[in-house]
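J.: Per the numbering used here, residue 1 is the first one in the sequence shown, and the count goes up by one each step.
Simulated from the structure, these hints should not be mistaken for laboratory data.
Everything hinted at is true.
Beta-carbon label-pair distances, calculated as ranges:
no.	residue 1	residue 2	range
1	T127	G201	36 to 46 Å
2	G147	P327	47 to 57 Å
3	P153	R252	32 to 42 Å
4	A197	P327	37 to 47 Å
5	R249	L199	46 to 56 Å
6	E136	L199	41 to 51 Å
7	E314	S103	51 to 61 Å
8	S176	Q226	28 to 38 Å
Where a beta carbon is used, it is the ideal one built from N, C-alpha and C, also for glycine.
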Amino acid sequence: MERESRGRKSADTDPWEVRTLALEAAVRRVSQVVRGKEEVVRLAVVCFLARGHLLLEDVPGVGKTTLGRALARIVGGTFTRIQLTADLLPADIVGGQVLDKPSGGLTFRPGPVFANVVLADELNRATPRTQSGLLEAMAERSISVDGETHALPDPFVVIATQNPVEHHGVYVLPQSQMDRFLIRTNLGYPDDDVECALLMGRPAEGTEPVRVEDLQPAFTSELVHQLFAAVDEVNLSEEVARYIQKIVRATRESGLLATGVSTRGALQFAQAARARALVAGRRFVSPDDVYALAVPVCAHRVMLRGNDRPSREEAEAVLRELVERVPAPV
1 MERESRGRKS
11 ADTDPWEVRT
21 LALEAAVRRV
31 SQVVRGKEEV
41 VRLAVVCFLA
51 RGHLLLEDVP
61 GVGKTTLGRA
71 LARIVGGTFT
81 RIQLTADLLP
91 ADIVGGQVLD
101 KPSGGLTFRP
111 GPVFANVVLA
121 DELNRATPRT
131 QSGLLEAMAE
141 RSISVDGETH
151 ALPDPFVVIA
161 TQNPVEHHGV
171 YVLPQSQMDR
181 FLIRTNLGYP
191 DDDVECALLM
201 GRPAEGTEPV
211 RVEDLQPAFT
221 SELVHQLFAA
231 VDEVNLSEEV
241 ARYIQKIVRA
251 TRESGLLATG
261 VSTRGALQFA
271 QAARARALVA
281 GRRFVSPDDV
291 YALAVPVCAH
301 RVMLRGNDRP
311 SREEAEAVLR
321 ELVERVPAPV
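Work the whole structure out from these sequences, hints included.
T.: What follows is the structure, given as structure tokens:
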């Protein structure tokens, strides 16, 4: 009993321990509703901590909306879902000026992008103009309407989805826009045991059944900003920084790739590695963090030579082979 009391006291007084416990709780709680996908949940949390945006390439019905709603719940924020279509206009996303009847003047009405977690469903079904409006908001974390700038909520993360098997009625994202996403991954179908349990309405083994609406926040608003600051404090040694740089240089020098990872991509790579270390409860980035993130952070930023529309699997296979050739620091 005395040992437990000391443990609770330590967690209450040590800021690092408080952050670690909160992150563990976040991953655990989201994994209770997005079952069998803990690695993707961790990537989503890493993306959030690194203040990046997440691109999910997946078929419909595998839990993308559930992941977005669950992430919003555990960070104590707001959530919106935007269904992208060809007839959607930029103003339908960012908002615009509307008539204010009491005053007779114009007032700004925020669009659905004004939320902490925004699910942009089927991004590649929107026209390039509408895509550009959303992606500009993602990059600037603000929008401009009629010469006035409106800041987006803080924190702000976009989870965008694309259906990789649809080729009709879609507008492929240009490479410059793909570079706006920190991480690209997929949820995929659940394994047999998880799917069978879902069919029978059973909770995951060792857990209680949980709905998204029942999830309790793992972070306060103050703790969220402390976590953002903590990511910057995670130590990135010169050896590990050079490991990142060698992977990036390998993408630029490979004869299989027409374009490699940009400097912006390299900086985001380093920030994601810091965030992953924090999620793991470490104050330093290890080579394992870099190795684990190389494909999800870099694969969507490159173009294969002679193939301007490679599948996710093709790009990831090339990246994986390149990463394996780069020696990791001991």
